[in-house]
Amino acid sequence: MSDKLSNAQIAWRAAQDIEDGAYVNLGIGFPEMVAKFQPPGREAIFHTENGILNFGEAPAAGQEDWDLINAGKKAVTLKPGAAFFHHADSFAMVRGGHLDVAILGAYQVAENGDLANWSTGPKGVPAVGGAMDLVHGAKRVAVITEHVTKDGKPKLLDRCTLPLTGVACVTRVYTSLAVIDIDAGRFVLREKLAAISIEALQALTGAKLHLQGAVTDLIVPEV
Amino acid sequence: MSDKLSNAQIAWRAAQDIEDGAYVNLGIGFPEMVAKFQPPGREAIFHTENGILNFGEAPAAGQEDWDLINAGKKAVTLKPGAAFFHHADSFAMVRGGHLDVAILGAYQVAENGDLANWSTGPKGVPAVGGAMDLVHGAKRVAVITEHVTKDGKPKLLDRCTLPLTGVACVTRVYTSLAVIDIDAGRFVLREKLAAISIEALQALTGAKLHLQGAVTDLIVPEV
Amino acid sequence: MNKTIPDLATAVSAIGDAAVVMIGGFGGSGAPIELIHALIDRFRATGHPKGLTVVNNNAGNGHIGLAALIEAGMVKKLICSFPRSADPVVFTQAYLAGEIELELVPQGTLAERIRAGGAGIPAFYTPSSFGTDLAVGKPVEVFEGRSYVQERWLKADFALIKADLGDTMGNLTYRAAGRNFNPLMCMAAKVAIVQVSRIVAAGQIDPEAVITPGIFVQGLVEVREPQQEELLNRSGAVYA
Amino acid sequence: MNKTIPDLATAVSAIGDAAVVMIGGFGGSGAPIELIHALIDRFRATGHPKGLTVVNNNAGNGHIGLAALIEAGMVKKLICSFPRSADPVVFTQAYLAGEIELELVPQGTLAERIRAGGAGIPAFYTPSSFGTDLAVGKPVEVFEGRSYVQERWLKADFALIKADLGDTMGNLTYRAAGRNFNPLMCMAAKVAIVQVSRIVAAGQIDPEAVITPGIFVQGLVEVREPQQEELLNRSGAVYA
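In the order they appear, the protein sequences are chains A, B, C and D. Position one of the first sequence corresponds to residue 1186 (the working numbering), numbered consecutively onward. Position one of the second sequence corresponds to residue 1186 (the working numbering), numbered consecutively onward. Position one of the third sequence corresponds to residue 6 (the working numbering), numbered consecutively onward. Position one of the fourth sequence corresponds to residue 6 (the working numbering), numbered consecutively onward.
Worth flagging that the hints you see were computed from the coordinates, not collected in a lab. There may be inaccurate statements among the hints.
As the list claims (entries may be wrong) - Covered stretches of chain D, as calculated for chain B (at least 3 residues, CB under 8 Å):
no.: 1; stretch: 10-19
no.: 2; stretch: 117-128
no.: 3; stretch: 171-182
Claimed, not checked - Pairs of lysine-lysine residues, derived as DSBU-like cross-links and limited to a Cα-Cα distance of at most 35 Å, are as follows:
no.: 4; chain 1: C; residue 1: K55; chain 2: B; residue 2: K1308
no.: 5; chain 1: A; residue 1: K1324; chain 2: C; residue 2: K143
no.: 6; chain 1: A; residue 1: K1338; chain 2: A; residue 2: K1393
no.: 7; chain 1: B; residue 1: K1264; chain 2: B; residue 2: K1324
Said to hold, decoys possible - Pairwise CB distance ranges, derived in the manner of DEER restraints:
no.: 8; chain 1: A; residue 1: Q1201; chain 2: C; residue 2: G103; range: 54 to 60 Å
no.: 9; chain 1: C; residue 1: R203; chain 2: D; residue 2: P11; range: 43 to 49 Å
no.: 10; chain 1: D; residue 1: P144; chain 2: C; residue 2: R203; range: 45 to 51 Å
no.: 11; chain 1: A; residue 1: R1371; chain 2: C; residue 2: V145; range: 39 to 45 Å
no.: 12; chain 1: C; residue 1: E230; chain 2: B; residue 2: P1225; range: 40 to 46 Å
no.: 13; chain 1: B; residue 1: I1404; chain 2: D; residue 2: A14; range: 43 to 49 Å
no.: 14; chain 1: B; residue 1: G1309; chain 2: C; residue 2: R203; range: 41 to 47 Å
no.: 15; chain 1: C; residue 1: A14; chain 2: B; residue 2: P1339; range: 56 to 62 Å
no.: 16; chain 1: D; residue 1: T51; chain 2: C; residue 2: R203; range: 40 to 46 Å
no.: 17; chain 1: D; residue 1: A206; chain 2: B; residue 2: G1337; range: 29 to 35 Å
no.: 18; chain 1: C; residue 1: T51; chain 2: D; residue 2: V147; range: 35 to 41 Å
Idealized CB from N, CA, C, for every residue including glycine.
The whole structure should be built from the sequences, with the hints applied where relevant.
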C-alpha cells in the first residue's frame, strides 16, 4: 500500500458507509466513482439531479441514448424501478430532505462544516450547478478529497478561503489519509492510515484534529 | 319573458362571452350550468381544480367512476385531450394566470371588484375551498348572480359587508337584470333587460351605476 | 429493496398519539378508506393513536373514512379547505360542540403548503387570501406592485395515501382525479404509507409513467378492491 | 382546438428583440435544437430577434444550438446554473470579452424560480446559497431556527421546448431525462413553443400519461427526427 489512498480507494471507503436501501446523490466527477464500490448485498438507489432515480452503469459505446444522461452529462442505463421527473421535483428530493446521503468533492472544508467546492475565485467563468442545493437537504453530506492540494497545502481548514458552497453542511470527510467527522464545529479524527502518525496528519491539516474515542486504522483494499 | 332572467338564462348570457379555445373554471353549483350553453362552433376547455382539464358532462346513472369527479364532487366524463394532474399543478394553473376565465357565484360584489362568496358570517362551519385561489390568476374573473338577495336587498354594493373572498378581483357581473363591468373602481352598466328602466335598476343596486357608451338590451332566449 | 407491508394493521402500527397525519383524497376520490379504518381498529383495540392533527381537503362524509376517524374521537385538530360535504354531520357536530379545532386554508394554498413541506421551502408568497379574514396575522409583502401573503410549509409525521399501482420500491401511479393531494402528501410526510390496488415488481411500472417516485414512499400495502367512499355512503355504511 | 404550427420558421416568428426566452434542455438532453436553429435562421435573414435574455441550465456546447445562438450575437444576457460543458468555447469567449451578461443561479433555485413563475408564486425561501456569494443582496429570513434566502420568480415571454409526443391540444410527453426543465418552462412562459417528434390527435395520449397539460402550451411543431446535441458535437457540426 502506498503512503496515501488512490481516488478509487477513497471512493471505496466512502461506499462502505452507505446503508442498504439508501437514496444517494454522487457529485459530478470523482464522487461518481463511489457507485462502483457498493458493498455486496446492499442496494443503493442513485439520484441524479437532472431527473432520474435508480440509474445504473454507463451503456456500451454506441448504445448511448443521449436523452438518458446523468448530471455529468454522461450516458447511463436504468435499473428496474427507475423513475423520471422534472427538475423542480428532482430538487424537491434534494432540498426536502429525502436523500440519505450526498457525496461531493471539495476544494476546501472547514472545521465547522463549511464547504467550498464550486469556485476557485473571481477569474474565469463561474459555474455552480446543483452544488449549493445538494449541500442542503440530504440527511448526511459527506466529502471525498485528497487530504492536501497538489502543491501540498491543507484542504481541511479552520475557515475556508475560497467562495463557499454552503455553511456548516458537511458532517464527514473521507480523505486520502483519514476519515474525519465534523462534530460541534470541530474536526474529530476517526480513522487514519496506519503509516502516518497523528502528528504528521495534524501537520497536513489546517485546523486542530480532535480525538474522541479510538482512532482506528483506515484499511482499504487495492481496488 | 319574465321580469328577470332565470339562473339558466344568466348562465347562458355568461357563456356567450367565452371565446373559442378558452380555458375556463366554473365555480361549484350554479356556475357549473354555464358549460351547457357553450355557443355552437366554439370549444372551451373546462378545468376543475381537483385535477382534470377537459372534462365533459355527467355520465349516465350507474356509469359513474367515483375517482372521476369534479370540484363539486359530481361524477364527470372526459373529452378527448383530457389530462390529470395533482393539486399543486392544478392551482399553478389557477394562480399562475393560465385560465382565461373563472365564473363564480357571489353573495356580494363591490364596485371596486371585491367579492364575497365564501362566508355568510361567523356562525356555522366556515369553508373556503378554492374560491380564494380562483379569484386570483384567471385573466378574467366574472360573477353570475341574482341582482338582489331573496329578501330584495342589493348584492352589488359600494363595499362588501360579508367576509371577502378577494380584493378587486371581479371585472364583470352577469345578474338577473343586467350585465355590469367593473372598471376603475366603478360599476359600468353595459346591458339591461328592456323592461327595466335605468332608474329602477339603480334602485336595486347598492352603488352608483355609471354609463359609458351605449347601454344595450340584455336579450336572452328561453333556455 | 422491498417496501411492502404485509397487512393494514402493520401499516398503521407506528402512528403515535398527537401525530400530524396527512390523509390523501379529495372527497371520496383517492381516499385511503382501508388505511383509515385500520387506524380506527387500532384505536378501538388499544386506545391509540389519539389527539391526531389531520390534514385533508375536506372533513369527511357520512360515517366512514375520515368522518369515522373524527367520530371515534381520535382527531384533535383538522387542517382543511372545505369542511363540508353531502353529509358532514360528524365534523359539524364535533366542531360546534368545540370538540375539534379547525384551521381553514384556501385549497390552492393548502396544496402549495404541502408541496413546500416536501420540497424544503419553508415559506412562499401567494395572492390567495390577501385582504381577507384568512390572511389576518400573516406577513404581507408587495412584489411588482401587487400584494401577497406569506404562507408557511406544512409537513407531517405520517401520510395515509391511496394509489393505484405500486412497485416494491414505492413507485406509484394513481387513478384519474384520485391523484389530487396524494403525490404532494407523499412528499411532505416523514413516513408515507400507501394502499395500492396492486403491488408489482420493480420494473413493472414504466419510468415515464411513475407519478410518485419511490423516494417519497416508506411503505405500501396491497388492498385489491378498495372501497369507494361515495358508494359506501350511498349504501348508508357506518364504520362502527 | 388545434395548436399545430405548420413549420419551424412560423413557430419562432413572433419572438421579438429583447425578449426573455427560456430554452429547455439539460446539456443536450431535451434541447430544442431545431427551434433554436430556426431562430438563428430568422436572425440571419432579418437581423431579428437580438438582445435576447436566455434562460437555460447551461451555456451551450460546441457550435450548434444555444452555443450557435450566442455565437450569432443574439444573446445579451444568460441566466443559468452551469455555463460549462465539454466544449464551452463560444460562451466563454463572449463572457470574457464582456459581450454577454451572466446571472448565475443554483440549479435547484433556477428550477424552483421557473416553477414559481408558472405557479403565480412571486417569491419563496430556500436554504440554497445561504451564506455564499450568490446570496449577496438577497433578503434572508430565519424559519424554525434555520436561515433561508428569498428568491424571486422567473418568467419568460417565450419558451422553446422539446417534447416527445404532443396532441393537437398541446398535451405533452417527454423522453427520459429530456424532461428536465421543459415542463417547468412551459408553465413560466407567456408563449411556450414546442417541437415534438410526433403530433397526434387529441385523445391519443392517455390522460394519465400527460406530463405537460395543454393549458401550458401555445403552439407545437412536428420535427420527426430531432437532432441530438451530443451526436452533432461528436461529428464536429457547426451551425453557420
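For each hint, the structure was consulted:
no.: 1; hint: 10-19; verdict: violated (count 0)
no.: 2; hint: 117-128; verdict: holds (count 6)
no.: 3; hint: 171-182; verdict: holds (count 4)
no.: 4; hint: C:K55 x B:K1308; verdict: holds (28 Å)
no.: 5; hint: A:K1324 x C:K143; verdict: holds (31 Å)
no.: 6; hint: A:K1338 x A:K1393; verdict: holds (15 Å)
no.: 7; hint: B:K1264 x B:K1324; verdict: holds (24 Å)
no.: 8; hint: A:Q1201 x C:G103: 54 to 60 Å; verdict: holds (57 Å)
no.: 9; hint: C:R203 x D:P11: 43 to 49 Å; verdict: holds (44 Å)
no.: 10; hint: D:P144 x C:R203: 45 to 51 Å; verdict: holds (48 Å)
no.: 11; hint: A:R1371 x C:V145: 39 to 45 Å; verdict: holds (43 Å)
no.: 12; hint: C:E230 x B:P1225: 40 to 46 Å; verdict: holds (43 Å)
no.: 13; hint: B:I1404 x D:A14: 43 to 49 Å; verdict: holds (46 Å)
no.: 14; hint: B:G1309 x C:R203: 41 to 47 Å; verdict: holds (42 Å)
no.: 15; hint: C:A14 x B:P1339: 56 to 62 Å; verdict: holds (59 Å)
no.: 16; hint: D:T51 x C:R203: 40 to 46 Å; verdict: violated (57 Å)
no.: 17; hint: D:A206 x B:G1337: 29 to 35 Å; verdict: violated (53 Å)
no.: 18; hint: C:T51 x D:V147: 35 to 41 Å; verdict: holds (40 Å)
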